[in-house]
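Chains as they are written, first to last, in my numbering: chain A, 7 to 148; chain G, 20 to 438.
Hints in this document: simulated from the structure, not taken from any laboratory.
Even glycine gets a Cβ: it sits at the ideal position worked out from N, Cα and C.
Each hint should be verified, as a subset may be incorrect.
To be verified - Some but not every residue of chain A turned toward chain G, in silico, with C-beta under 8 Å: (1) VAL41; (2) LYS42; (3) ALA43; (4) GLY44; (5) LEU47; (6) ALA48; (7) GLN89; (8) LYS91; (9) SER92; (10) ASP94; (11) GLU95; (12) ILE97; (13) ALA98.
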Amino acid sequence: MRCMVIVKATAESEAGVMPDQELLAAMGKFNEELVKAGVMLAGEGLTPSARGARVTFVGKERHVVDGPFAETKELVAGFWLWQVKSMDEAIAWVRRCPNPMEGESVIEIRPVFEADDFGEAFTPELRAQEERLRAQLDRTAG
Amino acid sequence: MSMTDTHRAIDAVWRIESARLIAGLVRMLRDVGLAEELAQDALVTALEQWPQTGVPDNPGAWLMTTARHRAIDRLRRHKLVERKHEQLVHEWERQHESAEAVAERTLDDPFGDDLLRLIFTACHPLLSMEARVALTLRLLGGLSTDEIARAFLVPEATIAQRIVRAKRSLAKSEVAYEVPRGEELATRLVAVLGVIYLIFNEGYAATAGDDWMRPGLCEDALRLGRVLAGLMPREPEVHGLVALMEIQASRSRARTDAHGEPILLLDQNRALWDRLLIGRGLAALEQARRLGGELGPYALQAAVAACHARAATAAQTDWPRIAALYAVLARVAPSPVVELNRAVAVGMADGAAEGLALVDALGDEPSLRNYHLLPAVRGDLLARLGRGEEASREFERAASLTRNRREQAMMRERARACR
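Bound conformation, chain A alone (with noise of 0.2 Å):
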């Protein structure tokens, strides 16, 4: 399975602090690890919200909202894409990571939807059986 690890972003983040050497250090070794056991598909750190924007939809319409945004601790700072077995193999390593922030943080883990969890309604075929069908109706209908 495949978990996305969200690194949430706090007020120094937010600022714009960079970590320190012995932090990036720390996390450059544990990246490793995560590389050299098969376990990192991808990862990125992100700038803070101030150079976001948000779109937000409204029915058919879409407003934009530049950064910075308010609820800090929301926020995503970073994340990394995992390969592993179960969600315990994603905790275990989560518990190995160095405190990615000074003083107190939150990594969360959310597992990526596999096929299976969509069920078979939403296979892409039986979705264009359904179309058909209903522009079948349709045209009966009408």
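On the provided structure of chain A, position chain G as indicated by the hints.
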């Protein structure tokens, strides 16, 4: 943490640590069977103690320390102390450093030499292919005997037997615990890559999802491949194999329809291909290229797979390039199947007549006599040349050679359409 939480946590720690633990123990004990047994013993101890004490900060070192203590106890108790072991025990006792420090030192293997030794040992040519696969999944993939058995659809006892026998043969022939060097490295590496690719294909070929364990083998193989690429970054074929597996795995979502029936490559919905895996595959292929030298068979197959991956639609496929790659592959690793693939690519790139000439050259190849894809390809080329009668006969023949009912139906349908 509750009891079950701790057990699950221990399971996860085992997944992460077992290969390194066993690899380190084999270096100390020079015995794969004993090393694995002691690692298991340490795991059992963890299952007993961690629910009370919690998971230690450095679980790997904890397991190693425990396994070492077990080793000393057992060697004593069973009075099995041969000279080499006796020396070992003395040495361990003389050391004044803390057990944890020793354990850390044993696990601290910056170049992954222990792991590499273990990989080469598990894939040793003196073992049967089946034994190599089982041992590799067990020792390096951290899979249980039961999991391996389910993945290969055989009884658990069979796998257990296989592993026991494999360990015995390794012990009996006193296989050196080392990474081969020089010329031997090349041939032994071929064996290692072969085992990993076989595991991958075992999972990849399983289109019917009766048991999730089979597709799981793809992930196990990919992980082993990635680990190996980290351990042997200068070996182009390791990257070649990883590239091939990443790109093939990228299509897994598009390979079957809603009923689990296979969908051919050119008919697949490319929007379902996994871009992340394609990107990783292309990067691994680039790595293999950058290391220089002629591309090996895996890298060449990966290069073909990359041509398909890069094409946004089936019509945009770079067939001349694929034909050229198959020409090189036919020289590097000649086989009738490669030649048949080359014929398909040439047929697409240069025209059906050129493809047909290559297929006809394969006509009486004995290893393809019962291979349904030979008449299927020939039929397709003949149909494109407007030779319907002959094409129809070839499709009929293809239908009679395959046991897959869907393929049979498809071939019969094509046979009818050509008449």
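Hints, one by one, checked against the model:
1. The beta carbon of VAL41 of chain A is positioned within 8 Å of a beta carbon in chain G (closest approach about 6 Å), and the interface hint is therefore held.
2. Look at LYS42 of chain A: its Cβ gets to within about 4 Å of chain G, closer than 8 Å, so that hint holds up.
3. For ALA43 of chain A, the interface hint holds, the least distance from its beta-carbon to any beta-carbon of chain G being 7 Å, beneath 8 Å.
4. Annotation: GLY44 of chain A was flagged as interfacial toward chain G, and the flag holds, the nearest CB pair being 3 Å apart, inside 8 Å.
5. For LEU47 of chain A, the shortest C-beta to C-beta distance to chain G is roughly 6 Å, which falls under 8 Å, so the interface hint holds.
6. Checking ALA48 of chain A against chain G by beta carbon gives a least distance of about 6 Å; that is within 8 Å, so the hint holds.
7. Below 8 Å, beta-carbon pairs count as interface contacts, and GLN89 of chain A has one with chain G at about 6 Å; its hint therefore holds.
8. Satisfaction of the interface hint for LYS91 of chain A is found here, the shortest Cβ-Cβ separation to chain G being roughly 6 Å, below the 8 Å cut-off.
9. Because the beta carbon of SER92 of chain A sits about 7 Å from the nearest beta carbon in chain G, less than 8 Å, this interface hint is met.
10. For ASP94 of chain A, the suggested interface contact is upheld, since its CB lies about 4 Å from the closest CB of chain G, less than 8 Å.
11. Checking GLU95 of chain A against chain G: minimum C-beta separation of about 4 Å stays under 8 Å; hint holds.
12. Nearest Cβ of chain G to the Cβ of ILE97 of chain A: about 7 Å, under the 8 Å cut. The hint holds.
13. For ALA98 of chain A, the interface hint holds, since its Cβ comes within 8 Å of a Cβ in chain G; the closest pair sits about 4 Å apart.
In terms of the numbered hints stated before, the structure departs from none.
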